[in-house]
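K.L.:
These are the residues of each chain, in order.
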Amino acid sequence: MRKNSLVFLAGIVIVLALGFLMPWLLRNPFYFFAGYVVLQYVTIATGWNILGGYAGYINFGAAGFFGAGVYLSAFLFTTFGLPLPLCILAAAIVGAILGVLMGYLTLRIQGVYFAIATLGLVVVLETIVHNISGLGGASGMAVYGPRPPAWSPGPSQYNFTVMLVIAVVSVALARWVEISWIGRGLRAVRASEDAAECSGVPTLRLKLVACALSGAVLAAAGAPYPFYTSFVEPVTAFSLIIGLNAIAMPLIGGTRTWVGPVIGALLLASVQQIATVTISSELNILFVGAVLIAFVAFAPGGISDLFGRNKGRARS
Amino acid sequence: MKTRRQFHKLMAVTAAGLAAPAILGSKVFAQDKPIRVGASVSLTGPLASTKNGQIGYELWRDDVNAAGGLLGRKVELVIYDDQSSAANVPAIYSKLVDVDACDVLFSPYGANLSAPVMPFIKQRDLFMIGMFGLAGNDVAKHDKFFHSGPWGPNSGRDWARGFFDLAKAQGVKKIAIINADLEFSKNAAKGGAEVAKEYGMEIVFNQSYPPNTSDFSSMIRNINAGDPEAIFIASYPADSTAIIRGVKEIGISDKVKLFGGAMIGPQYGALLGSLGPELNGLVNSHTFVPEPTMQTPAIKSFFDRYTPIAVKQGVDPLGFYIPPFYYVAGQLAAAAITGSKSVDPAKMAAFLHANSVDTIAGKIAFNEIGDWKERRVLMVQLRGIKGNDLEQFRNPGHQVILDPPSLKTGDLAGPYNKARAS
Amino acid sequence: MLSIDILLNAIVTGILLGSVYASLALGLGITFGILHIPNIAHPTLVVAGAFFVYTLAQWGLDPIVAAVIGLVPFYLLGVVLYAFYSAVFERKGGANVLQSLTLFFGLSLVIEILLSLGFGSELKSVSVSYIGSSLKLGVLTVPYRLLIPALLAPVTIAAVWFYLSRTNSGTAIRAVAHEERALSIAGLNPASVKRHAFGIATATAVIAGAALIMVGPIEPFAGRYQIGRVFAIVVLAGMGSIPGSLVIAIIIGIAEALVSSYLNPSWSPGVAFAILLLGLALRPQGLFGAAR
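Chains as they are written, first to last, in the numbering used here: chain S, 1 to 316; chain E, 1001 to 1422; chain V, 2001 to 2292.
Some hints here could point you the wrong way.
To be verified - Pulled from the structure, derived: some chain E residues nowhere near chain S, Cβ distances all over 10 Å:
| id | residue |
| --- | --- |
| 1 | Ala1087 |
| 2 | Leu1182 |
| 3 | Glu1202 |
| 4 | Asp1254 |
| 5 | Ser1340 |
| 6 | Ser1342 |
| 7 | Asp1389 |
Unchecked claim - Under 10 Å between C-beta atoms, here's a sample of chain V residues computed to sit facing chain S:
| id | residue |
| --- | --- |
| 8 | Ile2111 |
| 9 | Glu2112 |
| 10 | Thr2141 |
| 11 | Leu2258 |
| 12 | Asn2264 |
| 13 | Pro2269 |
| 14 | Ala2274 |
In short, the hints are calculated from the structure, not lab data. On a predicted model such as this, the values are computed, not experimentally measured, just so you know. From the three backbone atoms N, C-alpha and C, an ideal C-beta is built for every residue, glycine too.
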């Protein structure tokens, strides 16, 4: 375990170093625009998987958490001029609170009610945003981001690096949850909630912790978005495609470990980024839908399970 | 081993031979490289009904290329689908500029999709034609941005002023305003309320409703309770239908002189066909109608070619509202390129600021932030519609221009209930 | 005095809209309420039903007649869907909720895209003689556009409820939800009973589709706006309580109508979910369900 952790740490350091260096090596800004989206989805998939994968509680409302993060950070930046790191932190805190609230309302019953309630969260939050004139409502809100610091050559590169840091922190968090007592407890919940409850696992508390962490990561994923598009409006902030990808990516990659969502997101988001500019979006969504059905039906363990079957077996 | 090396040599020679003409060609005929025009169109998603604009782009490209291109270079369109989502816009335009090396950019449709690209073009100092974005450049104030749409200056507030001018002329004192909770209609209602106040009208009812509202009976009753003489409606196609049907079902006061204003939908074939005579009496904004004051051989020829393509693609066969202005966008770009004899953004922009351009939608001159100097949004009254046949809308007399005065083809028929019944 | 008018009319409109919502929720009441299959594709199937009705209405058929014709193909569609579902999951010893939710989620996307490829993304509506006029009863003005679809719901709900409670095969459907093994001991094949039930649930989608397209124009993605409402109805009614769903649907309809009359229409999309969240927090077994 310790050796694994060292390897993981080394990996993080290398990825982060690359993230700070790349903008100076690669001149074409397009890669940072596209890369930002891919990393955003790595974060979203990782956040979703903390609850959806480890505990088996499906969240259709990823877009709700994401949108809450988007609007909170846009609001804090435009009204108080808060620096980006503080906006991200604030978004994470609010996401955690939202997660606990959702969990507290619905998790005492069956998981399917939680799933349905999360569908509603998006609608409720979107309705609220529509009705608050300070957030621009349907007309949206222009956000002219801060000048990038000297260590980054331009705004698109800066956004990319910020998103990379968020993604790395999220993945590290997910890995920590997985190997700590929380992960063990959640796996017990997923296997059989009743059995876990009987053997003294504090299931409700564990689920609430997972809700909070998952919500925090999902909302943090949205925090830099206003600076990426320079503009926020409710329809894209709470877009269904975010909720869809949040589910599809971990399921395609594999939900058991932190690796699955990362693989799924890298793969699917890259395909989508390439597809956006080559094939029609209808075929794009059709493709995601079909791949999703295929994986649920025929490879429920995802890609990481298809390739790392032996490893998975040995661990469980 | 030896054979393999020989094979490699052979390959290298062949490759060089194949590549030589290309290398040579690009050196000698650098001017032959096509001029690339990049655009993002909402081919899918909620705004997909605007995709018929692409036919306008393509017809323009074909016309330009048939006439020998621009500055002796062919024109090439690079179009991506933004899926009606602002989230896709930054990456698409970065691709158009940084990877595809486009010389001219057309914005996505409308203000919400265009907003993400404005800081980008300002920061990189690029040349762009804006597509239908209301007040699209009012914040960024980029000096190389030009609207193809006829919104005119200060459009956030003023674009629908024609409706209020008509109301004022009718002596309207009390007005009701409703709008869908979407960008375009929300801004229309907000601007409308300001203009109404400026004209000293009392706003007796002002409410927004969520998209996909299918029943307006309670709203219409509330409006009736306020007893207005004009009703300004900023709606999207689904709700436009529901509102018009609701009025027919619930009824409306005889005092109402003007009804409509900023409804999206009654410009499109789908709605004109499905509602038909129910639309009689409506006073609504438009960008082009085949009335004698607007009809020219150029625009007639545009629609003669547009219609068969639209029918084949299954998009709006009339296409009065959007497609001509997509063609206009091309004409503006062409004028800027040929006028300045370059594809340099600063020179192109300087040309458009200094000269007015003849297009199929008439002569256009721009102010410093690229608005048309003169607002040319039409207020038309739908009249004499019989049955659901779409062809009748190609004839004059069914979409009578009430405003602006320079294009006027008739007077307001009212009150609304009377105009509706006729 | 005028406000009494508005109040009464708002309540009537709410009842009518609620009744339409009940139609939309009926199929889900069977699949989710009785069979415990979280078919979130149901609203999309309703939209598919609406497009079916639209297609036949183009040839001059009345929407209701078109819906009746659609019952058979939609029943078969439901049977095929269930066959696929069970081939994938049931033989592995039952699906977990996560997998089946995801499967139906993917399915609804595929249906939506196929509809939008087939019909385009423009709004489609039907024109029938009775759309556009209304029934006047004193101060009440009741549009036929709402009245006729609203009458469909009690009729279909009554028919389905009669079938489920008074016929043998209906009883088998309710039994399969409770005790699958007992059913197989009694000589019935649980899989075929469920397939039949799923077929009926999908067949109701075409009726609901007819109601939906009569109320207002639709587009391929219209189902998304209904997901929240239909789940709120099924869950709050108490899983499996079909008549209860009509009551809940009408309560939601009235609440929405009152909010849009007196508060602001822009708050109405949140109403159904606010009711659902409150209901789940206060009375998770539903208003008409037995305590679990």
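K.L.:
Please go over all the hints and tell whether each is borne out by the structure.
P.N.:
We went through each hint and held it up to the structure:
{"no.": "1", "hint": "Ala1087", "in the structure": "5 Å, violated"}
{"no.": "2", "hint": "Leu1182", "in the structure": "5 Å, violated"}
{"no.": "3", "hint": "Glu1202", "in the structure": "22 Å, holds"}
{"no.": "4", "hint": "Asp1254", "in the structure": "33 Å, holds"}
{"no.": "5", "hint": "Ser1340", "in the structure": "26 Å, holds"}
{"no.": "6", "hint": "Ser1342", "in the structure": "24 Å, holds"}
{"no.": "7", "hint": "Asp1389", "in the structure": "31 Å, holds"}
{"no.": "8", "hint": "Ile2111", "in the structure": "9 Å, holds"}
{"no.": "9", "hint": "Glu2112", "in the structure": "8 Å, holds"}
{"no.": "10", "hint": "Thr2141", "in the structure": "28 Å, violated"}
{"no.": "11", "hint": "Leu2258", "in the structure": "16 Å, violated"}
{"no.": "12", "hint": "Asn2264", "in the structure": "7 Å, holds"}
{"no.": "13", "hint": "Pro2269", "in the structure": "5 Å, holds"}
{"no.": "14", "hint": "Ala2274", "in the structure": "7 Å, holds"}
Consistency note: the structure conflicts with the earlier hints numbered 1, 2, 10 and 11.
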